[in-house]
Amino acid sequence: MNAPVNPAVADAALHASPWRTLLLQHPLLRPVAALLVLLLVDALLVPGFFRLEIKDGHLYGPLVDILNRAAPLMLAALGMTLVIVTRGIDISVGAVVALSGTVAAMLVGGTMVMQNGVPAYVANTPMPAALAAALGVALLCGLWNGVLVAGIRLQPIVATLILMVAGRGLAQLLTDGQIVTVYYTPYFFLGSGYLFGLPFSLYLVAAVFVATLLLVKKTALGLFIQAVGINPVAARLAGLRTATLIVFVYVFCSACAGLAGLLITSNIKSADANNAGLLLELDAILAVTLGGTSLLGGRFSLAGSMVGALIIQTLTSTIYALGVPPEVNMVVKAVVVFIVCISQSGEFRQLFTKRAA
Amino acid sequence: MSAIAHGARGLSAAPWFTSMVTVVLLAAMVGIGGAAYPGLLSPQVGFNLLIDNAYLVVVAVGMGFVILSGGIDLSVGAVLALSTMVTAWLLHSAHWHPAAAILAVLMLGALFGGAMGAIIHLFKLQPFIVTLAGMFLARGLCYLISIESITIDQPFFVAVSQAQIPVAGGFVSPGALIALLVLLAAVWLAHFTAFGRAVYAVGGNEQSAAMMGLDVGRTRIGVYALSGLCAALGGVLFAFYMLSGYGLHGQGLELDAIAAVVIGGTLLSGGYGYIAGALSGVLVLGAIQTLIAFDGNLSSWWTKIVIGGLLFVFCVVQKLMGGRR
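Heads up: the sequence lines are chains A and B, in that order. All residue numbers for the first sequence refer to our numbering, where the first residue is 1 and numbers rise by one. All residue numbers for the second sequence refer to our numbering, where the first residue is 1001 and numbers rise by one.
Excised from the complex, chain A in its bound form:
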């Protein structure tokens, strides 16, 4: 990706100190700047936006809420990033969320029993087994997507479209079209529990993020995945097992979606096969794009995707906090996508360069 260098920036870079150059050309500059602008708007217009208080040893405040609500999206965006790096796309994320959430909720369930005369709920299946089963279903979904893309060589959008349509149907088949309610208290810890004063979901996201980062930065895997995205044929000729790599990214993406499904069902204490994670795939793609990952593959930023997810959630929260009707949210999102995509395109930069020259 040889983006034409803006002469104005290059000129400034010659005279500026090296760390400033580094900062100006850092890929995270624009997403972080966008997030800061949003937070600035909040700081000016929403009273008490940065208020943090400690109640019962837990940290409360709008910022914590945003982080907690963004957790499923951040997970989905992490998985989506690796898929998009290989020039793929996974639009079955929402369906996988519904499937894994449904499986977990049905297995955990919760039956009331009397213990020493006190009613208590026990899980139908031991929770670790239920969680493992839910993630197992998610992994199977990923394997299915990966085999369709790498084995049968379907276009990624079509391959994942199949699961997107059928997955929700399967989830509804499992629940018989009903919403499954969970009564087993320990399960709620995943999505709404606190650990050392912070929501537990944040630790989960952080763990997945760090693990992914280590995996792609400290091993050759990141380089391999990038190579597949830049030129699949060349990567294969260079001896990479491209098919295995592609299956891996789809399995990884589905695993992230499965985790997100656990967080969502645990947070709302029920699994709704029809609505859980609806349109999550689109928000995840949006987060990845906002974070500076190229949809043409090959160039990516995991941290950028996390920032992108935070931008989306902050935008939503801001719109609610400002008292603007929530319906405006979609229009704003659309305009943001248009602006980001157009400003990322080479044609736009050329236009800008010509004008600047």
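The set of hints was computed from the structure by calculation and includes no laboratory data.
Taking beta-carbon pairs under 8 Å as the criterion, some of the chain A residues facing chain B (in silico): (1) I157; (2) V158; (3) L161; (4) G169; (5) L170; (6) L282; (7) V331; (8) F338; (9) E347.
All C-beta atoms in this analysis are idealised placements derived from N, C-alpha and C, irrespective of residue type, glycine included.
Assemble chain B onto chain A, guided by the hints.
What follows is chain B alone, placed relative to chain A:
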């Protein structure tokens, strides 16, 4: 033996083979369904299939052009919803003449699609992401007009919605008739005009098309404008059908349209297939729903599972054939 094998290979390599598979599938479904539930074979069931899916036929025709050109349009469901909303609002609050309202909505749809096409072409962006943003925009605009559903009680719309045109022992709605006319016009446009040939050329290989001197930009913008126009017309038909405008109309419709086009035998990589396949694709989807409704024991989610399974089978068949060609 080898002659038969050769003949079979020649048959499966013929461009109309997948389309024929769909038609055979449709006939088989109706046949098996008819054997199980004799009521299914009454002509009115077939006409109802058309009446209930008229808007989907029109939307799938537009989607067919986009997919033939090698693109994809995810905004059609939202544009359909926006059209019902604008129609209802123009009639209800602005008291426009129905003809003027319909004309305005159609132009709006074409402009919306054309604008997306222009952005895709000028900035070399992926159709997927641009039409995704278009989807958000159109849905958002719906809610800006009204969050609630707006009822249409304009006399002309009510009259059209209740009109029954008698045909061969049954009746069809004006909407179904319009859908068939649109399909005919689209077939003519695709196979007998320069625009249609340009669409196939761009979908087959954009660079070759450009080198042949075809105006790729104009073709692409035209294709998305056509898809927007079809989605808007689908919206008008939907407004006839439902007599309301609502921001939640047509949710997931884009996927139904894509599925119909694929099942109708059009390759998603572009440049290969028939516009008429949109009709057989839509009818197969409709027949699945009718069969599930006739069975009575199967729940509605089986529709999704069966459609997913069919998509899978058709994609794999297309791939296997593509490998042989």
